[in-house]
Each structure stands twice: as structure tokens, then as C-alpha cells.
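Visitor: Each chain is listed here by its residues.
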Amino acid sequence: MSEDGGSAEGGLEDFLNSGDRSLEVLFGSQSGNAEGLASKIAKIAKSYGLQGNVHDMDGFDFNSLSSKKRVIIVCSTWGEGEQPDNAEELWKFANSGAATRLEGTHFAVCALGDTSYELFCESGKEWDGLFEKLGATRIVERIDCDVDYDAPASEWTLKALPALAAVDSTGQFFEDMVDDIVQFASGSSVGAGGEDGFTVPVIEAEPIQVEISIFRFDPSDNTTGRDSWACSIPGHLSVLEALRAIKETHDGTLSFRDGNDDDPTTAISVNGRLIIPGRARLDSVVTSRGDSMKLRIDPIPGSEVIRDLIVDHWALERKRESSRPWMVAATREGIQTPQGVFGSMNQSTALRIHSLADYDSAPLLHSSSDAVPYANGFLGPAVLASTWARRNDPRTAPERVVELDAILGSSNGIKAETDLAPIFRRKGYSKSVSEGLLEARTSAIENDSFNGKLGKHVWWYCWTVKSSGKVNDTVLYRQVLGPIGLLGNLFSGVTARMFLGFTRTGGNVLNSLQGMVAPPAGIGKMPRQLNSSVANHHQVIAIYNEMDGRF
Amino acid sequence: MPLKYAYHPGNVAHSGSPEVADTMDAVARNLGLELTPLEGATSCGAGIIKQANQRLQLALNARTFAMSESLGLEILTPCAATAGNLKQDLEKLRSDNILMKEINDVLIKTCGMEFTGNTEVHHLLHVLVDEIGLDKVEKLAVNKFDFRVAPYYSPYFQMEGACGGDSVNDPEYFEQLVQSLGGRPIEWEGRVLSVGAPGIFSEEPTVLRQSAAVISEAKEEGADIIVSACNLSHSILDIYQGKASRATGIITNIPVIHLTELLSFAFGNHNTRFAQLRTRIAVIGD
Numbered sequence: 003m004s005e006d007g008g009s010a011e012g013g014l015e016d017f018l019n020s021g022d023r024s025l026e027v028l029f030g031s032q033s034g035n036a037e038g039l040a041s042k043i044a045k046i047a048k049s050y051g052l053q054g055n056v057h058d059m060d061g062f063d064f065n066s067l068s069s070k071k072r073v074i075i076v077c078s079t080w081g082e083g084e085q086p087d088n089a090e091e092l093w094k095f096a097n098s099g100a101a102t103r104l105e106g107t108h109f110a111v112c113a114l115g116d117t118s119y120e121l122f123c124e125s126g127k128e129w130d131g132l133f134e135k136l137g138a139t140r141i142v143e144r145i146d147c148d149v150d151y152d153a154p155a156s157e158w159t160l161k162a163l164p165a166l167a168a169v170d171s172t173g174q175f176f177e178d179m180v181d182d183i184v185q186f187a188s189g190s191s192v193g194a195g196g197e198d199g200f201t202v203p204v205i206e207a208e209p210i211q212v213e214i215s216i217f218r219f220d221p222s223d224n225t226t227g228r229d230s231w232a233c234s235i236p237g238h239l240s241v242l243e244a245l246r247a248i249k250e251t252h253d254g255t256l257s258f259r260d261g262n263d264d265d266p267t268t269a270i271s272v273n274g275r276l277i278i279p280g281r282a283r284l285d286s287v288v289t290s291r292g293d294s295m296k297l298r299i300d301p302i303p304g305s306e307v308i309r310d311l312i313v314d315h316w317a318l319e320r321k322r323e324s325s326r327p328w329m330v331a332a333t334r335e336g337i338q339t340p341q342g343v344f345g346s347m348n349q350s351t352a353l354r355i356h357s358l359a360d361y362d363s364a365p366l367l368h369s370s371s372d373a374v375p376y377a378n379g380f381l382g383p384a385v386l387a388s389t390w391a392r393r394n395d396p397r398t399a400p401e402r403v404v405e406l407d408a409i410l411g412s413s414n415g416i417k418a419e420t421d422l423a424p425i426f427r428r429k430g431y432s433k434s435v436s437e438g439l440l441e442a443r444t445s446a447i448e449n450d451s452f453n454g455k456l457g458k459h460v461w462w463y464c465w466t467v468k469s470s471g472k473v474n475d476t477v478l479y480r481q482v483l484g485p486i487g488l489l490g491n492l493f494s495g496v497t498a499r500m501f502l503g504f505t506r507t508g509g510n511v512l513n514s515l516q517g518m519v520a521p522p523a524g525i526g527k528m529p530r531q532l533n534s535s536v537a538n539h540h541q542v543i544a545i546y547n548e549m550d551g552r553f
Numbered sequence: 009m010p011l012k013y014a015y016h017p018g019n020v021a022h023s024g025s026p027e028v029a030d031t032m033d034a035v036a037r038n039l040g041l042e043l044t045p046l047e048g049a050t051s052c053g054a055g056i057i058k059q060a061n062q063r064l065q066l067a068l069n070a071r072t073f074a075m076s077e078s079l080g081l082e083i084l085t086p087c088a089a090t091a092g093n094l095k096q097d098l099e100k101l102r103s104d105n106i107l108m109k110e111i112n113d114v115l116i117k118t119c120g121m122e123f124t125g126n127t128e129v130h131h132l133l134h135v136l137v138d139e140i141g142l143d144k145v146e147k148l149a150v151n152k153f154d155f156r157v158a159p160y161y162s163p164y165f166q167m168e169g170a171c172g173g174d175s176v177n178d179p180e181y182f183e184q185l186v187q188s189l190g191g192r193p194i195e196w197e198g199r200v201l202s203v204g205a206p207g208i209f210s211e212e213p214t215v216l217r218q219s220a221a222v223i224s225e226a227k228e229e230g231a232d233i234i235v236s237a238c239n240l241s242h243s244i245l246d247i248y249q250g251k252a253s254r255a256t257g258i259i260t261n262i263p264v265i266h267l268t269e270l271l272s273f274a275f276g277n278h279n280t281r282f283a284q285l286r287t288r289i290a291v292i293g294d
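For the record, the sequence lines run as chains X and D.
Remember, the working numbering sits 2 above the position in the first sequence when you count from 1.
Remember, the working numbering sits 8 above the position in the second sequence when you count from 1.
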């Protein structure tokens with residue numbers, strides 16, 4: 003640059019501002035990580051005088067790359083080395099004879115993966131190899147990132163972008179300019195505003211035709227119903243923005259909780275999915291039915307509806323308040339620092355405590371339990387997840403641990419949850435939260451020494467599976483319900499519906515001789531008295547003996 | 009070429025719901041499914057065993073997976089709870105190499121078996137739509153199932169990776185299947201809600217309210233019958249419906265059958281039972 007006679011800085015600026023400065027960032031993403039990373043890279047590219055254009059691989063015209071000089075691929079790997087769903091078609095095309103050559107294109111690949119899989123980052127490796135095969139020039143070596151990709155991907159980005167920025171609009175790479183560009187970019191403020199130095203740009207999407215159906219409730223006359231609107235809304239808008247637009251242009255009486263994009267109290271249900279509406283793009287939650295797209299919006303379940311989509315969070319807050327003690331610290335060792343004495347905690351313990359209560363929205367987690375609307379007094383998963391986290395916090399005083407155990411084991415505690423599956427299947431909070439609730443339940447059962455109905459149910463279930471490999475419902479009914487419970491079933495019609503099950507199934511009255519030997523088991527839908535053992539039953543017993551000698 | 013699977017009947021087909029075993033045999037024949045029974049497979053744990061000891065349930069299910077691997081067949085089950093529990097444990101083991109090694113050490117020591125993670129778990133519903141195809145199912149249907157049907161998925165297999173190509177939160181496979189058999193599916197929210205089957209012994213009042221709410225919604229939406237893809241939940245919806253009604257004051261009488269029964273009747277098997285079902289729907293009401 004100095005050969006031109008201008009100052010190095012001035013020449014560099016001219017270079018970075020002249021000609022085509024586009025950078026195409028393609029993402030292949032299954033869970034959204036690659037998409038988010040591609041967006042970050044495109045944003046920070048501005049600091050290097052590049053115009054980042056983010057493209058979903060799904061629907062992308064591969065042959066348009068022939069005229070592009072700079073390309074970054076960010077691609078995750080799905081399952082056993084498979085391309086993510088949105089990359090499959092492009093990958094097939096790129097490998098077909100119809101794909102264009104890419105001489106004159108410089109590229110870099112950031113592969114996301116998981117080292118616990120045998121084919122680690124396979125998709126990224128495949129794209130890397132293919133671009134080279136098609137004649138493109140690799141500008142920096144590919145990076146293969148594990149699940150904690152943030153730091154290595156950021157470091158790689160800071161190498162890849164200045165190198166790509168040193169490619170001019172004719173496709174020529176000026177290697178000696180890379181250091182100057184790095185220095186130039188270090189003085190830029192673009193991208194410094196985000197939490198991690200990046201700010202995620204919006205990837206604009208085309209308007210989508212969608213039928214939006216919203217639950218309505220008018221408290222003045224206690225009426226419920228649904229209103230529907232056919233709308234054309236850009237897919238990149240958030241659900242919250244869509245609700246605002248409907249309120250502004252269609253129905254000013256529509257009520258919903260408005261707030262910041264990440265306000266946990268704004269949680270709603272969209273097409274059965276529990277979401278924070280400011281965080282969910284419209285095109286990520288619409289459901290396709292034939293030729294039409296639909297969006298069914300409801301208040302979150304499990305809380306009293308005040309009006310339309312607004313629910314009352316007060317009941318949840320009261321439950322939260324009742325789960326005292328909040329925190330009474332134990333006396334513990336500290337470390338001397340210039341600022342005074344601080345308590346210490348090792349990293350793995352700290353991570354575990356945080357992960358147990360790693361949910362963004364208490365109302366959202368609370369409503370993920372299908373038992374909450376029907377179990378009076380049940381504290382619900384959000385309160386219990388926090389309680390379990392406090393109970394496992396080494397800073398909690400031992401006597402308070404006892405109190406927290408009492409809350410967890412109470413009739414409104416974790417044992418009041420009828421089914422953990424609905425909580426496990428939801429997204430929106432970390433897996434550690436669901437796992438923590440399971441641990442809390444195990445702890446409550448063990449603290450009761452497998453007594454009480456839940457404890458007996460679990461104990462006898464395990465016992466019967468050990469005994470034959472199959473669950474024996476007759477044993478469960480007898481041992482868990484006891485004579486009073488069985489009488490209750492007799493008089494409430496449960497036993498009758500079991501006994502007369504053959505009238506509904508068309509089965510034989512006596513479907514085995516067992517019914518004759520030990521009546522009424524084996525008749526109708528009465529479970530059998532005895533199970534035949536599974537093949538190689540001794541293996542089942544050996545597993546039990548090896549892993550849990552209690553049963 | 010027939011589709012081949014290792015067959016896991018679930019927890020209740022051998023016990024309180026022998027009709028699942030009867031009808032599944034017939035359906036497999038009609039569809040050309042070649043099912044190899046997993047004779048040594050244990051209960052999937054139904055999410056109960058793991059409440060005592062999660063690793064114990066993982067080891068038992070890893071043994072089942074190892075058996076399917078040794079057969080070179082993926083697992084098929086007609087029970088959503090079994091599909092969901094097995095799939096959850098399969099993914100947990102696959103995603104944690106250290107855990108997988110520990111569980112494999114137990115399997116090698118106790119059973120002389122090893123599990124590699126190279127198997128899959130499928131529910132019958134997803135095999136019907138994704139593998140067999142509803143056009144073939146429609147051709148096999150000789151008895152039109154001309155009722156307003158409430159298809160009940162349950163929550164168990166409605167999770168990422170466990171429901172084939174169907175949507176996790178807003179599924180449609182079951183409705184499509186019902187239509188292909190001549191039925192008219194209703195629209196209802198209860199189709200993926202839990203009826204609390206694992207809590208029936210310990211939290212019966214809550215379970216009765218949950219199941220009454222699910223059944224009453226189906227009735228309010230005009231259903232003549234509920235068809236369940238979950239054999240475990242079926243036991244609550246069917247056997248406990250009278251008790252749920254008494255406990256809640258909600259009318260809950262409605263016939264409830266299994267997915268395998270729906271298919272078997274539509275394919276022209278068990279005609280006497282189908283006639284009885286028609287009578288139950290038209291006259292008796294439950």
C-alpha cells in the first residue's frame with residue numbers, strides 16, 4: 003500500500019472500502035447454534051470492512067457462489083456424522099455434477115460438533131473437503147469445535163475475518179495486509195456492545211401467510227373463545243412483535259403481557275410449545291398444515307387466566323414464598339483477599355448449583371407440568387427446582403437442609419408430581435433442571451425409606467421387575483394400595499371395569515389357567531397373578547445385584 | 009421386502025391388556041412387518057425404576073438395546089411410554105461416553121453383552137407413516153372406521169428425536185392415520201397431555217382430575233371414541249374412567265381402544281370385536 007504513496011492507514015481504508023466487500027456466511031444448523039454463530043461472525047465482519055450476508059443453507063443457490071470471493075461455512079454435525087436437516091439438500095446439490103466450480107473463491111470452515119460422537123464435526127470436514135475439490139482456496143485452516151464452542155470459535159473468527167478481508171474484489175489475496183487489517187479492526191467499536199463482544203443481527207425473512215388464532219377471555223362476562231386473523235407477517239419478527247402488530251392494526255382490545263424480549267412473565271403457549279414470545283421468531287414456531295401456516299396462541303396452562311393471554315402469576319409467587327428458608331448460610335471456610343474474606347467454592351460444585359436452577363422463566367417451567375392445574379397446593383417444578391438447588395448448595399446451613407428436605411418431601415413437594423415426562427420433553431430450560439427434579443424425587447423417596455404410597459410403588463415396581471423381568475401389576479395393587487385401597491377400587495367401579503374388561507376387548511373370560519388358580523387375576527383386564535420370566539432372567543438378577551442390592 | 013424389527017410389547021400387553029398382543033399380531037401380518045420378539049427384554053422401567061436408581065434402569069434398557077443389536081434389528085413397540093422411556097435412555101447413553109462405558113462394564117460382567125449405541129427405537133405410529141406409508145395403510149383398510157375419533161398421543165414420545173418426522177408440540181401423524189382409515193379426527197389439546205399414569209398409586213386424586221379433564225375435552229369436541237397410542241395411559245383412560253367421573257362429577261364415559269385395535273379392526277380382523285365396539289359406541293357409550 004505504501005507503494006501508492008499514501009499513508010498506510012489511508013491506503014488500507016481505501017482498500018477496505020472499495021469494490022465488492024461482501025462476505026457470504028452460510029450456516030447448516032440443527033439446534034440453532036451454527037445459525038447464531040454465523041450471525042455473530044457476519045456482524046463482526048463489519049469491523050474488517052466486510053459486508054456479512056448470512057444465508058440459511060436450506061434453499062440457498064449454490065451456484066451463486068461462483069461469483070463470490072469470500073465465503074465462510076458454519077456447519078454443525080447431526081447424529082452419526084450427518085448433515086443437519088437444513089443443509090442436506092444443498093449438500094446433495096453441491097456433490098452433483100450440476101455444482102459450479104469455485105476457482106477465485108476464498109473460504110474458511112468452522113465445524114461444530116461433539117467429541118462424544120465417533121464422527122466428530124464430520125459435516126464441517128465434508129464441506130471443507132468439497133470446497134477444496136471444487137477449486138476454492140482455503141484461507142485459514144478449518145476449526146473443529148466441541149460443544150463448548152464459544153471461545154475457540156471466537157478465536158478462529160479473529161483469524162479468519164482479517165484474512166478474508168485481505169481478499170480484494172478480484173479474488174486476489176494480499177497476505178501482507180492481514181496484520182494491518184487486524185490492527186485496523188482493533189480500533190473499531192462494532193460488535194463491542196454485545197454480551198460476548200458480538201451482537202446478533204436479524205436475519206431477515208420473507209413475509210409468511212399465516213392464520214393466527216388467539217385464545218380470548220373476557221372477565222366482565224366470563225366468556226371464552228378464539229379470534230382468528232389471516233396475516234402476512236415477516237418471518238423474522240418475534241411472536242411478541244406479531245402480537246403487538248395485531249393489537250395495533252386489528253384489535254386494540256387484545257391483551258397480553260408486554261415487556262422486554264426476555265421477560266419471563268410474558269410466557270405463552272404457541273402451537274403447544276411454551277415460549278418467551280420476545281425470543282421466538284415467528285418462522286420458528288409456525289406449523290404447516292397442507293398449504294397453510296397456522297399459529298395457535300394460548301395462555302400458559304396451570305395459572306388462572308386474567309384476560310386473553312394474561313395469566314395471574316401471584317399463585318406461583320405465593321408458592322415460591324412458601325418454600326422458605328431462602329438461604330441461611332452455614333459457617334464455612336473462606337479465603338483471604340485484599341477485599342476481605344470470601345467464601346470459596348470449587349468450579350464443578352458452582353456449575354452444578356447453577357445448572358439445577360438454570361431456567362429462564364419460572365412461569366414457563368411451572369406450566370410445563372401437566373399435574374400443576376389439577377394438584378391443589380402442589381408447589382410445581384419451578385419452585386422445587388430452586389429448592390433442590392438451595393438444598394444442594396454447600397453454603398446452606400445443615401439445619402436448613404433438613405427444612406428444605408421437608409419441603410421437597412411434603413405432600414405438596416416433589417412427590418405430588420404425577421408424571422415427570424411432560425417436564426422432561428419440554429425445551430426452554432436446561433436438561434439439568436429435569437435431571438435435578440428426578441434426583442429430588444429419588445432423595446425424597448429414600449428419605450422416606452421407600453414408605454408411603456410413592457415409595458412403595460417404586461420399591462415394588464423394582465422388585466417385580468427383578469423377580470421376572472416384567473412388572474406385576476397385581477403385586478403393585480396389593481402392596482401399594484393395601485386392603486383399604488383395594489376395597490376403594492372395588493366400590494368405585496375400577497375392579498368391575500377390570501373384571502368385565504373382556505366385554506370391551508372381546509377377549510376370553512378366562513385368558514389363562516391362572517385365573518382359575520388364583521381368581522380373579524387373569525380375567526378380563528385383571529392383571530395376571532404370576533408372570534412368566536423373561537429369557538435369561540438370571541442376567542436381570544445379576545444386574546440388580548451388581549447395581550442395587552436393596553431390591 | 010418386509011420391514012423387520014425387534015419387537016418390545018411394552019409393560020401391559022402381557023398383563024392387563026392382552027388385546028394389544030392379539031391385535032398386534034394380526035396388524036403385523038397385514039402390514040407385512042416381520043417382528044422378532046425380544047424374548048429377554050425387561051420392562052422399560054416406565055420412568056419408575058429410575059426414580060429409585062437411574063443407572064439401574066439404564067443398565068436394564070442397555071441390555072435390551074444390546075439384544076436388538078445382536079439381532080441386527082431396530083426396536084418397534086406399540087406403546088408410547090415404552091418408546092419414550094427407551095428412547096430417552098438410549099440418547100442418554102449415546103451422549104455420555106463415560107456413562108456408556110460404565111454401563112457396558114456392568115453388562116459385560118453380568119450378561120456377557122455389550123451395547124454400542126447402534127440401534128433405534130420406533131413407535132408403531134411413526135413406522136406406519138414414515139416407513140410403510142399411509143397410502144398403503146389406506147389400501148389395507150377394508151372396514152371404514154367411520155367415527156369421530158380423538159387420537160391420544162400421550163406426552164411420552166412427543167420429544168425431540170422420538171416422534172419420527174412428526175412435530176413434537178403440534179403432531180399430526182395420528183390424525184392423518186385416522187383419516188386414512190375413514191375416521192374423522194377431532195381437534196383437541198388433551199391429545200399430548202399426561203393423564204398421570206405413573207402417579208395412579210400415589211397421587212390418585214390428581215390423576216383422576218387429569219384423566220377426567222382429558223376425557224371430557226374429547227367428549228366436548230364431539231368424539232365417539234378415544235384411540236390411544238400409549239398402552240399405559242389407556243389403562244387410566246379406560247379402567248379408571250368411572251372412578252374419575254365419581255371423583256370429579258364430570259361425565260367421562262367413552263370407549264377407549266388401543267392404536268393396534270383400531271388398525272386391526274380397520275384391516276378386517278376381529279370382526280366380532282369390531283361389531284361389539286360399534287354397539288358400545290352407538291348404544292352403551294363406554
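Keep in mind the hints are simulated off the structure, nothing from the lab.
All values reported here derive from a predicted model rather than from experimental measurement.
Just so you know, even glycine gets a beta-carbon here, dropped at the ideal spot from N, CA and C.
Worth double-checking, as some hints may not be accurate.
To be verified - So the derived label-pair ranges between C-beta atoms look like this:
1) N151/D to G261/X: 31 to 37 Å
2) N378/X to N126/D: 45 to 51 Å
3) S69/X to E197/D: 49 to 55 Å
4) S69/X to R37/D: 23 to 29 Å
5) E128/D to R354/X: 29 to 35 Å
6) P10/D to D314/X: 39 to 45 Å
7) K152/D to D550/X: 30 to 36 Å
8) E197/D to T333/X: 31 to 37 Å
9) D104/D to S412/X: 51 to 57 Å
10) G173/D to R228/X: 27 to 33 Å
11) N126/D to T505/X: 43 to 49 Å
12) E229/D to A331/X: 35 to 41 Å
13) S156/X to P10/D: 50 to 56 Å
Visitor: Could you run down the list of hints and mark each one as holding or not?
Guide: Okay, the hints, checked on the actual structure:
| no. | hint | result |
| --- | --- | --- |
| 1 | N151/D to G261/X: 31 to 37 Å | violated, 54 Å |
| 2 | N378/X to N126/D: 45 to 51 Å | holds, 47 Å |
| 3 | S69/X to E197/D: 49 to 55 Å | holds, 50 Å |
| 4 | S69/X to R37/D: 23 to 29 Å | violated, 59 Å |
| 5 | E128/D to R354/X: 29 to 35 Å | holds, 32 Å |
| 6 | P10/D to D314/X: 39 to 45 Å | violated, 56 Å |
| 7 | K152/D to D550/X: 30 to 36 Å | violated, 51 Å |
| 8 | E197/D to T333/X: 31 to 37 Å | violated, 51 Å |
| 9 | D104/D to S412/X: 51 to 57 Å | violated, 33 Å |
| 10 | G173/D to R228/X: 27 to 33 Å | holds, 28 Å |
| 11 | N126/D to T505/X: 43 to 49 Å | holds, 45 Å |
| 12 | E229/D to A331/X: 35 to 41 Å | violated, 54 Å |
| 13 | S156/X to P10/D: 50 to 56 Å | holds, 52 Å |
When the structure is compared with the earlier hints, violations turn up for hints 1, 4, 6, 7, 8, 9, 12 and for no others.
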